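Modelling step: build the complete structure from the supplied sequences, incorporating the hints.
Respectively, the protein sequence lines represent chains A and B.
Letter by letter, the first sequence follows residues 1 to 590 in my numbering.
Letter by letter, the second sequence follows residues 1 to 335 in my numbering.
I should point out that these hints are in silico values taken from the structure, not numbers from a laboratory.
Residues of chain B placed beyond 10 Å of chain A at every Cβ, according to the derived structure:
1) 31
2) 41
3) 68
4) 165
5) 224
6) 227
7) 241
If you want a taste of the chain A side facing chain B, the calculated C-beta under 8 Å gives, among others:
8) 309
9) 310
10) 313
11) 316
12) 360
13) 367
14) 368
15) 369
16) 434
17) 441
18) 442
19) 454
20) 455
21) 456
22) 457
Fair warning: this is a prediction, and the values are worked out from it, not measured in the lab.
Virtual Cβ for every residue (Gly too), placed ideally from N, Cα, C.
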Amino acid sequence: MTTHRTSKRRLAIGSAVAVAALLTTAGCGGGDDKEKKGSGPGYNAAVGKIANPSEKKGGTLKFIGTQDADSWDPQRGYYGFVWDYARFYTRQLITYKPAPGEGSQELVPDMATATAKISEGGKRYEYTLRDGLKWQDGKPITSKDIKYGIERIWAQDVLSGGPIYLKEVLDPKGEYKGPYKDKDPEKLGLKAIETPNDKTIVFKLPKPNGDFEQMLAMPAASPVPKDKDTGSRYGQKPFSSGPYQWVSYESNKSMVLTRNPHWKKSSDPVRKALPDKVTLTLITNSDEMDKRLIKGNYDVDLNATGVGQAGRVEALRKHKGNIDNPLTGFIRYAVFPQTVEPFNNIECRKAVIYGADKKSLQTARGGPQGGGDIATNMLPPVVKGSDPKYDPYGALENNGGPDTAKAKEALKKCGKPNGFETTIAVRNNKPVEVATAESLQASLSKIGIKANIAPYDGSQTPGIIGNPKVVKSKNYGIIIMGWGPDFPTGQGFSMPLVHSKYILNNGNNNYSMLNDPKIDAKFTEAEAELDENKAAEIYTEMNKMVSEKAVYLPFVFEKNIIWRSSRLTNVYTAHAYNGRYDYSALGVVK
Amino acid sequence: MTAPLHDTSAAETAAVDVAADAPAKEISGRSPAQIAWVRLKRDKIALAGGCVVLFLVLVAIFAPLIVDWFGHPPNEFHDDEGTVDSLLGGQPVGDWGGMSKDFLFGVEPVNGRDTFSRVVYGTRISLIVAFLAAIFAVLLGTIFGVIAGYFGGIVDTVISRTMDLLLAFPQLLFILSLVSVVPAEMWGLSGSGVRIGVLIVVIGFFGWPYVGRIVRGQTLSLREREYVEAAQSLGAGRRYILFKELLPNLVAPITVYMTLMIPTNILTEAALSFLGAGVTPPTASWGQMLSTAVRTYEIAPMFMIFPGLAIFVTVLAFNLFGDGVRDALDPKGSR
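Shown next as structure tokens:
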């Protein structure tokens, strides 16, 4: 009976799944008590201050991670950790100040002698380069190399994936076609950047943008030598302008960087460059990674996605001194598309905001340490102009519990006193988001709102919740998402979420379909403002206007539990790097 | 039993069987069903399996009552400080995953839902999907198997090749992609109802060729039997032969196959739920509980053990019972 055997085989495979699931539990529980106790300088010692300050050079700084870069090409990487790590082998005109926490939001000159000389009402930025800037082969870094590097952003057909802010700001009409299609013999045809001599570079903006220097601080503005540019393969071995050069790299496996002999500390006020060697090991199992970190085999989690559930308990109980718990800059939230009934009515939106149990949502996100602080509004504390105390819907009242009375009142005003039925859309590959959806569902059921959870394929996000037609047809009244800033200003965080020009037919991020000329005007006003403190005030007002629309239910200002090895010196988390350590400052004890 | 005497002629063996059955017949004259029942009763392991199956069916039917007496509503959150420790990522408070008088099997990490209630309600999903999918598969398999076996020729070729095609089809991948395009409301159902319907139809649809091939083979051999020829020569119609002569003789293999198909279906449902293609949250199912538990097994192992045990016990019970039924109905079958 061949058919019978087939069926047994199917059975066997199925049983194997169940048994494997059972077996994995066998390896648990037995924490290794022999490990040396954490000798770290203490819980949160690297948050807001420098832990183990040191100037001692030498040793090997060992990174470990579970996720390789989208690309190590400075113009193509978009993952946050790439922007941090890329500073080992790239330099920028200006960069974030090497200081803990908030201090890192300030921009300081890197290859430039000073921050920009701004003239013509914010349309002209001029920089002069330092002396002694060298590539890894000893050739000087010129303004032309910087211009060429930036021009590579225009070649989106070859070098896709990176941030395109500079392209949008310098050439909004898309007139330049990129260096690979450039007819200029030197491939420097972009008119918006001028290089009068090797030491001077001038940017000419069609329209002022107060965040322009933030964009120049991204690794996407790093120089690339034209004769070393290997196009789409450049990310396999970038040519170093920073303190370290590439020795070897195997994708998803390992990377080794050693000192760039031509980099001089005298020409670089930013990077400490303490270790002699930087290594990176990539594995696939994040629990295994946590174990190796806790054991002390490695120093830093490259991705800094946080210690997993399993490692967290051990780390918090036995090695609390090796734990940092910084803000990541992300907000985790639910958003209500105004195109889906009954969320076209502000009172129904308010009912959900009041009815949600924020404390339970926080627990679902991972609690106060693993998840973050209960969020009060839609501007994270790492952004200038934010005010976590601004709590228009009383998220912190009643210890984060729901405000049932106000929720019912809002339901009445909405004309649905007995509640209504809606759908929560959630990415199926994010278990924590599904957990928050279940929490929201449970608390909403108490005020009569029946919310069905619709998990969708997370890899299809831009085509599903990013498509307003799909959202409307599938009746997604509540969408669960998260968002972090590309650069720590109101423009860098909020604009894609609330500005009407970001309402797109595909890949939309303005899920609520917020289309208010008054809010749009605030962005125009803030962009034209060159004083960042004044711009911050405008963003504060913008945030209030957004909050009053009641289209967002923020869950948490995300925090992360990250592991700081006892070997690390000169460690601090930086707002500018989404709460990761400033990698370029790290050193090791031996 | 390898005496050379016996392997010379098959007829002799048959004669022995007849001789063994003969005295029993003299005493009571039992029907084939009664004989099977006597054989099944003698098989203690199969009976034990059967009892567990019965118990599980009762649990599924009376889930609301059981939960009312011994547990909390399955979707109720207990994420307060006393039940889960939010500082430690939602680890259940207390030993053994928070097992206590209140929560017999402990609580789910993070949201503190009652594991006992969820395992009990999970029984419903598992059994409903497994039974209905098996019935669906058997229906299709019998219809197409009989048609293919009885009519032969081009009809047989078409049906048999279709079955081959379906057997080679990557079922799991198909379902995973299907689930992502299935609308939230369909066939007058919404939410988990849609998913359960889809699971039943899809698991059943990919299961029928297994039944179909057996039924076809049996039909092929049965239709050449003398009694069928006799009926044909007496002028019996097609319908009479199909329903009176063939189908009754197919009942035994179909029953056996169905009992063995149910545990396979339970595992398929669990695997699909594990991969996120099962019922939608917050509906409890064993596979979905296991997939949640994978993230937290190091801090709350008990939460993985209970749904895992439930799957294990159910599948084992159905398999033992199925094997017993097969032995009882078809004692000559290879084992």
